[in-house]
Amino acid sequence: GESVGLHLPTLSVQEGDNSIINCAYSNSASDYFIWYKQESGKGPQFIIDIRSNMDKRQGQRVTVLLNKTVKHLSLQIAATQPGDSAVYFCAETPYNQAGTALIFGKGTTLSVSS
Amino acid sequence: NAGVTQTPKFRILKIGQSMTLQCTQDMNHNYMYWYRQDPGMGLKLIYYSVGAGITDKGEVPNGYNVSRSTTEDFPLRLELAAPSQTSVYFCASRPGTGGERPQHFGDGTRLSIL
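Which chain is which? The protein sequence lines are A and B, in order.
The first sequence begins at 1455 in my numbering and counts up one residue at a time.
The second sequence begins at 216 in my numbering and counts up one residue at a time.
Treat the hints as calculated values from the structure; they're not laboratory data.
Beta carbons are placed, not taken as given, at the ideal position from N, Cα and C, and that holds for glycine.
Be a bit skeptical, because a hint or two may be false.
Unchecked claim - Think about it this way: if two alpha-carbon atoms lie no more than 27 Å apart in a straight line, the pair counts; the simulated DSSO-like pairs of lysine-lysine are:
1. B:K272 / A:K1496
2. A:K1522 / A:K1560
3. B:K224 / A:K1496
4. A:K1525 / B:K259
5. B:K272 / A:K1491
6. A:K1560 / B:K272
7. B:K272 / B:K229
8. A:K1491 / A:K1560
9. B:K229 / A:K1496
10. A:K1560 / A:K1496
11. A:K1522 / A:K1496
12. B:K259 / A:K1496
13. B:K259 / A:K1491
14. A:K1525 / A:K1510
15. A:K1491 / B:K224
16. A:K1560 / B:K259
17. B:K224 / B:K259
As the list claims (entries may be wrong) - Short derived list, chain A residues pointing at chain B, Cβ under 10 Å:
18. L1465
19. Y1490
20. D1503
21. A1532
22. A1533
23. P1536
24. F1543
25. L1556
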């Protein structure tokens, strides 16, 4: 079936660097995308979302970019901090997905060293 | 504001035993979901509910049952536990109006079947 995937399973950065986490999706019917952060022993925590009628959205230290032409989603974290270390998942909701359930990718583990 | 609360946090079952994973939310959300997360993987949808008295199957419903008698509670039932059901289970909820709303997750129940 169609699913959301991530390009890299792990990403290691230095504190203060900018991080970019990528995600490719295959369902062209998806119209809503979310980035979640999951720390060890915790549930996924909402970071930022974007609708398909937008190509960029900014939050506090985070930016999500959406390229529908190539079905690509990215999360940019500015001035990465040790507290940003976690697993990051992108998720999508296809327009006709029953119950608006999310389809998750496998995740990227971000490690931040100080 | 407690958000989504799941109990128990950990449980070990023997093959063939049954149990109920509890989930309650205090945000008056109409939509609730159960996901399972296997090691190194994203979340997969088990069951969902769009309101009290209404439930429907997700991607991996076999071996599970749910009920939704109130807006707040959405318990997940395992009738005959099998080793393949060893996983981390997450409950989530979101407002029912509009398709573009992020889901809020509990911290999970870690279940081992031995």
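Verification of the supplied hints:
1. B:K272 / A:K1496: Since the Cα atoms of K272 (chain B) and K1496 (chain A) sit roughly 25 Å apart, the hinted pair holds (cutoff 27 Å).
2. A:K1522 / A:K1560: holds (20 Å)
3. B:K224 / A:K1496: Cα-Cα ~10 Å, so holds.
4. A:K1525 / B:K259: holds (21 Å)
5. B:K272 / A:K1491: Roughly 26 Å separates the two Cα atoms, so the pair holds.
6. A:K1560 / B:K272: The hint holds at about 22 Å.
7. B:K272 / B:K229: holds (25 Å)
8. A:K1491 / A:K1560: holds (12 Å)
9. B:K229 / A:K1496: holds (25 Å)
10. A:K1560 / A:K1496: Holds: K1560 (chain A) and K1496 (chain A) sit about 16 Å apart, inside 27 Å.
11. A:K1522 / A:K1496: violated (31 Å)
12. B:K259 / A:K1496: holds (16 Å)
13. B:K259 / A:K1491: holds (16 Å)
14. A:K1525 / A:K1510: Measuring from Cα to Cα gives roughly 14 Å; hence the hint holds.
15. A:K1491 / B:K224: OK: K1491 (chain A) and K224 (chain B) at ~19 Å, within 27 Å.
16. A:K1560 / B:K259: holds (10 Å)
17. B:K224 / B:K259: holds (19 Å)
18. L1465: violated (15 Å)
19. Y1490: holds (8 Å)
20. D1503: holds (5 Å)
21. A1532: violated (21 Å)
22. A1533: Nearest chain B Cβ about 24 Å off; hint violated.
23. P1536: Because about 21 Å separates P1536 (chain A) from the closest Cβ in chain B, which is outside the 10 Å limit, the hint is violated.
24. F1543: This interface hint holds because 6 Å falls under the 10 Å limit.
25. L1556: holds (6 Å)
When the structure is compared with the earlier hints, violations turn up for hints 11, 18, 21, 22, 23 and for no others.
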